[in-house]
Structures are given as structure tokens and as C-alpha cells.
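**Q** Sequence:
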Amino acid sequence: MKVFVDECVNRRFLRHLSGQTFVHIANTPLRSTKNGALLRAVAPDYDVFLTRDKSIPFQHNLKQFPLAFVILRARTNSLHNLLPLVPDLLVTLERIESGGYAPGDLYEVAAK
Numbered sequence: 007m008k009v010f011v012d013e014c015v016n017r018r019f020l021r022h023l024s025g026q027t028f029v030h031i032a033n034t035p036l037r038s039t040k041n042g043a044l045l046r047a048v049a050p051d052y053d054v055f056l057t058r059d060k061s062i063p064f065q066h067n068l069k070q071f072p073l074a075f076v077i078l079r080a081r082t083n084s085l086h087n088l089l090p091l092v093p094d095l096l097v098t099l100e101r102i103e104s105g106g107y108a109p110g111d112l113y114e115v116a117a118k
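One gets the numbering used here by counting positions in the sequence shown from 1 and adding 6 to each.
Hint data in this document are derived by calculation from the structure and do not stem from the laboratory. Quick caveat, the model's predicted, so the values are computed rather than measured. Just so you know, not all the hints are guaranteed correct.
Stated by the list, open to error - Listed next, the in silico DSS-like pairs over lysine-lysine satisfying Cα-Cα at most 25 angstroms (straight line):
| id | residue 1 | residue 2 |
| --- | --- | --- |
| 1 | Lys69 | Lys40 |
| 2 | Lys8 | Lys40 |
| 3 | Lys60 | Lys118 |
| 4 | Lys69 | Lys8 |
| 5 | Lys40 | Lys60 |
Unchecked claim - The following label-pair restraints were derived from C-beta to C-beta distances:
| id | residue 1 | residue 2 | range |
| --- | --- | --- | --- |
| 6 | Arg46 | Ser84 | 27 to 33 angstroms |
| 7 | Gly105 | Ala49 | 18 to 24 angstroms |
| 8 | Pro72 | Ala117 | 25 to 31 angstroms |
| 9 | Leu89 | Arg46 | 28 to 34 angstroms |
| 10 | Gly42 | Met7 | 20 to 26 angstroms |
| 11 | Gly105 | Pro63 | 19 to 25 angstroms |
| 12 | Phe64 | Arg18 | 14 to 20 angstroms |
| 13 | Ala32 | Leu89 | 15 to 21 angstroms |
| 14 | Ala117 | Arg46 | 30 to 36 angstroms |
| 15 | Thr27 | Asn83 | 18 to 24 angstroms |
| 16 | His66 | Thr34 | 16 to 22 angstroms |
| 17 | Arg37 | Ser104 | 30 to 36 angstroms |
| 18 | Pro35 | Asp94 | 27 to 33 angstroms |
Each residue gets a CB set at the ideal place from its N, CA and C atoms; glycine is no exception.
Work the whole structure out from these sequences, hints included.
**A** So this is what it looks like as C-alpha cells:
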């Protein structure tokens, strides 16, 4: 599965993830693209949009994009705050991959 990682997610976090293909926006020509245009640009080539932007479901009709959306709920974007989310994030991604998803499905991963 291909996972597009939004710029609001610390790039160093990706080093701790496995099992999927993760592409950070910094490694694409889409850097600084606004959310609507960004979602339209990535939708054809990716399965999941990973972000920390908790307002994205209120700003866009996610059902119009053939993506699953995962929001990381961490206090800050520091690696220290993101690392505890890794196990639940990987389980969520496996669940999406094995069970499929409907366009615009929204998942949240939060620290316990």
C-alpha cells in the first residue's frame, strides 16, 4: 500500500515505520501545495493520506477522494510524541490493507 505523508508529520518519524511504502511530501514536487489541490494530486497514486491535521475532515469532503485518511493525534510533531503512536498506526494500516476501505474513510491514531 502506498501512504502519502503530509508535511505536518515529522519526516524522521518515517524511519520508524515499515510494512508499507511511505512517501513524505518533502520528497515530491508537491511541497507547500494547499490541501484541496494536494488531495486531488495524490489521490490517483496513493491509498492512504497520513496527517496530523485534525481539521482536514471539516475542511474537505473526504468521500470525494479514493483515499483512506489517518490522523495522528500527538501533542506535538516531535519524534518523542509521535513514536508512541507507531504500534497503533501499523495496526491501523494493516487493517486498512486487509479489510479494504471506502473512499474518505477516516481513522485516528492517538496515544493511550
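**Q** Run every hint past the structure and note whether it holds.
**A** Hints versus structure:
no., hint, in the structure
1, Lys69 x Lys40, "holds (18 angstroms)"
2, Lys8 x Lys40, "holds (20 angstroms)"
3, Lys60 x Lys118, "holds (17 angstroms)"
4, Lys69 x Lys8, "holds (18 angstroms)"
5, Lys40 x Lys60, "holds (15 angstroms)"
6, Arg46 x Ser84: 27 to 33 angstroms, "holds (30 angstroms)"
7, Gly105 x Ala49: 18 to 24 angstroms, "holds (20 angstroms)"
8, Pro72 x Ala117: 25 to 31 angstroms, "holds (29 angstroms)"
9, Leu89 x Arg46: 28 to 34 angstroms, "holds (31 angstroms)"
10, Gly42 x Met7: 20 to 26 angstroms, "holds (23 angstroms)"
11, Gly105 x Pro63: 19 to 25 angstroms, "holds (20 angstroms)"
12, Phe64 x Arg18: 14 to 20 angstroms, "violated (28 angstroms)"
13, Ala32 x Leu89: 15 to 21 angstroms, "holds (19 angstroms)"
14, Ala117 x Arg46: 30 to 36 angstroms, "holds (31 angstroms)"
15, Thr27 x Asn83: 18 to 24 angstroms, "holds (22 angstroms)"
16, His66 x Thr34: 16 to 22 angstroms, "holds (19 angstroms)"
17, Arg37 x Ser104: 30 to 36 angstroms, "holds (32 angstroms)"
18, Pro35 x Asp94: 27 to 33 angstroms, "holds (31 angstroms)"
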